Amino acid sequence: MKRPLRWNIALGVVLLLLAALVLAPFWFVLTGSVKDPAEIIARLPTMIPDNFTLQHYTKLLAASDYPIYMLNSLLVATASTLVTLGLAIPAGYAFFRMSFRGRETLYRAILLAYAFPSIVILIPLFGIFAKLGLVDSRLALVLVNVAFALPFAIWLLRSFFAGIPVEIEEAARLDGGAPFTVLRRIMIPLVAPGIAAVAVFAFVTAWTEYVFASVLILSDDKRPVPVGFSGIIGQYQIDWGLLLAGASLSILPVVILFAFVGRWFVAGLTEGAVK
Amino acid sequence: MTRMHKTTLLGGAALAVLLPFAASAQTELTLWHMEQPPHRVDRVQMLLDEFNAAHPEIEVSQEPQNWGEVYAKAPAALAAGAGPDMLFAIPDFAPILKGMGALTSVADFVEELDAEHDFIDSTVEAYSYDEGVWAVPLYNMSMNLWYRPSVFEAAGIDVPTTWDDWSAAAKALTADGTYGMGLPANQQLYTDQTVYSVMANGGASEIYNEDGSLRFDNPQTVAAYDFYNGMLEFSPPDAPSWTWGEAEACFASASCGMIMQFSVISTYDTQAEGDAADLGVAAIPSQDGETHNTIAYANAVMLLSRDEGKMEASKTFIRWLLKPENYGRFLNMEPGLFMPVTADGAEADSFWSDPMVEKYRSQIETVIDNSANGMLFGFTSGRVFPAIAAISAQNVLAETLQSVAVKGMDPTEAVADGQARMQDLTE
Chain R
1 MKRPLRWNIA LGVVLLLLAA LVLAPFWFVL TGSVKDPAEI IARLPTMIPD NFTLQHYTKL
61 LAASDYPIYM LNSLLVATAS TLVTLGLAIP AGYAFFRMSF RGRETLYRAI LLAYAFPSIV
121 ILIPLFGIFA KLGLVDSRLA LVLVNVAFAL PFAIWLLRSF FAGIPVEIEE AARLDGGAPF
181 TVLRRIMIPL VAPGIAAVAV FAFVTAWTEY VFASVLILSD DKRPVPVGFS GIIGQYQIDW
241 GLLLAGASLS ILPVVILFAF VGRWFVAGLT EGAVK
Chain U
1001 MTRMHKTTLL GGAALAVLLP FAASAQTELT LWHMEQPPHR VDRVQMLLDE FNAAHPEIEV
1061 SQEPQNWGEV YAKAPAALAA GAGPDMLFAI PDFAPILKGM GALTSVADFV EELDAEHDFI
1121 DSTVEAYSYD EGVWAVPLYN MSMNLWYRPS VFEAAGIDVP TTWDDWSAAA KALTADGTYG
1181 MGLPANQQLY TDQTVYSVMA NGGASEIYNE DGSLRFDNPQ TVAAYDFYNG MLEFSPPDAP
1241 SWTWGEAEAC FASASCGMIM QFSVISTYDT QAEGDAADLG VAAIPSQDGE THNTIAYANA
1301 VMLLSRDEGK MEASKTFIRW LLKPENYGRF LNMEPGLFMP VTADGAEADS FWSDPMVEKY
1361 RSQIETVIDN SANGMLFGFT SGRVFPAIAA ISAQNVLAET LQSVAVKGMD PTEAVADGQA
1421 RMQDLTE
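Line by line, the protein sequences are chains R and U. Mapping of the first sequence onto the working numbering: position 251 corresponds to residue 251, and the numbering continues sequentially without gaps. Throughout, the working numbering is defined as the position within the second sequence, counted from one, plus 1000.
Okay, chain R solo, but in the shape it has when bound (with noise of 0.2 Å):
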């Protein structure tokens, strides 16, 4: 059936504000880090740049440690996401799979772990690290992201695993599949948009991970973008210009992530345990 044109213009002009409300903060951030500096802070700001200027970057790549926290920031969130992922996967298959006592007591419990303000931890986890010998290393700040992206994402996967035709594993199984071989050859491939899911999960929760780093890392030349870049900006006196190229460079990742992986993402949100 057709939809009347007024309709068609009504919905246009929703998705349009819509559209406006989401890219708006995105457009005066990445406009912004362009402007020289008094056009930023002008009274009426301006949607198109009058003077285009690198300067707040130069300054940010040249004159700061940002690219060392950028760094940091990949190698923490992406060992976080491995590990999370390695993890996850037969964790999920498990509690889909194998019947042991208190499985579903526990497959509820796992979520506990959001229940503790991050905050309430921090102290007695700083103690515990010290004891290991990890504090001020980015391998702390993996294990903990870990630990929180980890609940959620056995969850999901489950919830994946069991939306596959149970008649498919039979199969394999009646091929002569041991179980760790059915989970690698047949069910990753099938839950593909699930660990997809998991994987930006896990990335963006590590990368945009503040509390814990900030307390976790002493040393400059190991802290990831989000303490070290809020350093950079200073406190009573802010460089707006830095503040803007640095906030633009920092969701670069994020979006590049979500280039590769987005469509396998809104999928797996789709068709897993949000359906």
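Calculated from the structure, these hints are not laboratory results. Being a predicted model, the structure only gives us computed values, none of them experimental. We treat Cβ as the ideally placed atom computed from N, Cα and C, and that holds for glycine. Nothing false has been slipped in among the hints.
Partial pick of chain R residues on the chain U-facing surface, computed with a CB cut under 7 Å:
(1) Ser64
(2) Val135
(3) Ser230
Some chain U residues close to chain R (C-beta under 10 Å, calculated; not the full set):
(4) Val1041
(5) Asp1042
(6) Pro1064
(7) Glu1069
(8) Thr1178
(9) Tyr1190
(10) Ser1253
(11) Ser1255
(12) Gln1271
(13) Glu1273
(14) Leu1337
Below 25 Å or equal to it, Euclidean Cα-Cα: the simulated BS3-like pairs (lysine-lysine) are:
(15) Lys1359/U <-> Lys1323/U
(16) Lys1359/U <-> Lys59/R
(17) Lys1310/U <-> Lys1323/U
(18) Lys131/R <-> Lys1310/U
(19) Lys1407/U <-> Lys1171/U
With chain R held as given, fit chain U onto it using these hints.
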């Protein structure tokens, strides 16, 4: 084997034996500070490189931290034995580390430095209590009133000295999308500082009575909150969420006729017109127009090492840093913001010869003059009440203002609530 070969071999063997001792004889010190902007880190590094080159037996390295995190991070790191040897502080922060037994009194060391450089007394007083001195003052900051002379001239108004003048000037400058007075009302440290600057100019500088009981709830405090709330009428609508940076941007973009800030020099020079002749700075107006007070506090360094050798090496570094030929360059890691705490530092060529300081010399001289009447809540009149750390950490002054400005509570009632809150926090 020739004599030369023998000599070379013996020399090599001697080096191999002695080098480890030489290496182990070097004292390594870690300095935590909260001056994270890159140019400040660079300046500190430049000074550290010079110091380390001049003192091969000591190696000082810096680890910049963030003020937003250090209150949790430093106690945790010290408790875990991973803390620094030297840590910068403000008066509110020192009692927290002292409370956990991390500080040793440096009274004798401060006395020695005072004899050589002559500290401004109030900077030492803020760290002197419980029969000790708990940090060495390093650099001063004080709140001032900033304005543009050309804007005042165009509006036909003089620099305000009384609250009535101030209010009238803010009203006159509020027109055509500009605001007379940019004031924050956020529950944050900046608001604490601006509120206290108004309180101190209205006879309400004392939070405590002599006996240590709270006297926040008094008519002068109520009048200060009432006045502040009235001045918010001439501030931009987003001002309640401001911190220092937003106020500076408002002033630099000529959207605010006046603001209260430690310094705007750096931002004004790099992000606004940078015309030194059109940057005005004055003392914060007082209720009676006579004594002008302001919030001011000295940042200091706490010496945390328990190792005697490290403690002595830390003192060697501080002695070197406070020498006039080095001290001015240290202060000018942010020209116009950090002021000297020593008499010889205030005259040091290394301070006044910085190009930015030369350009804004008259403004900086006024800032130094204004800081003579600087005070900090909980640290006034030579008395220090360490319990103020909890009150400051919760931004109770700002919280009380929010009760008035955001919730619309009567100032009398809000100030009474504020005192009750302070009582709760310190019990």
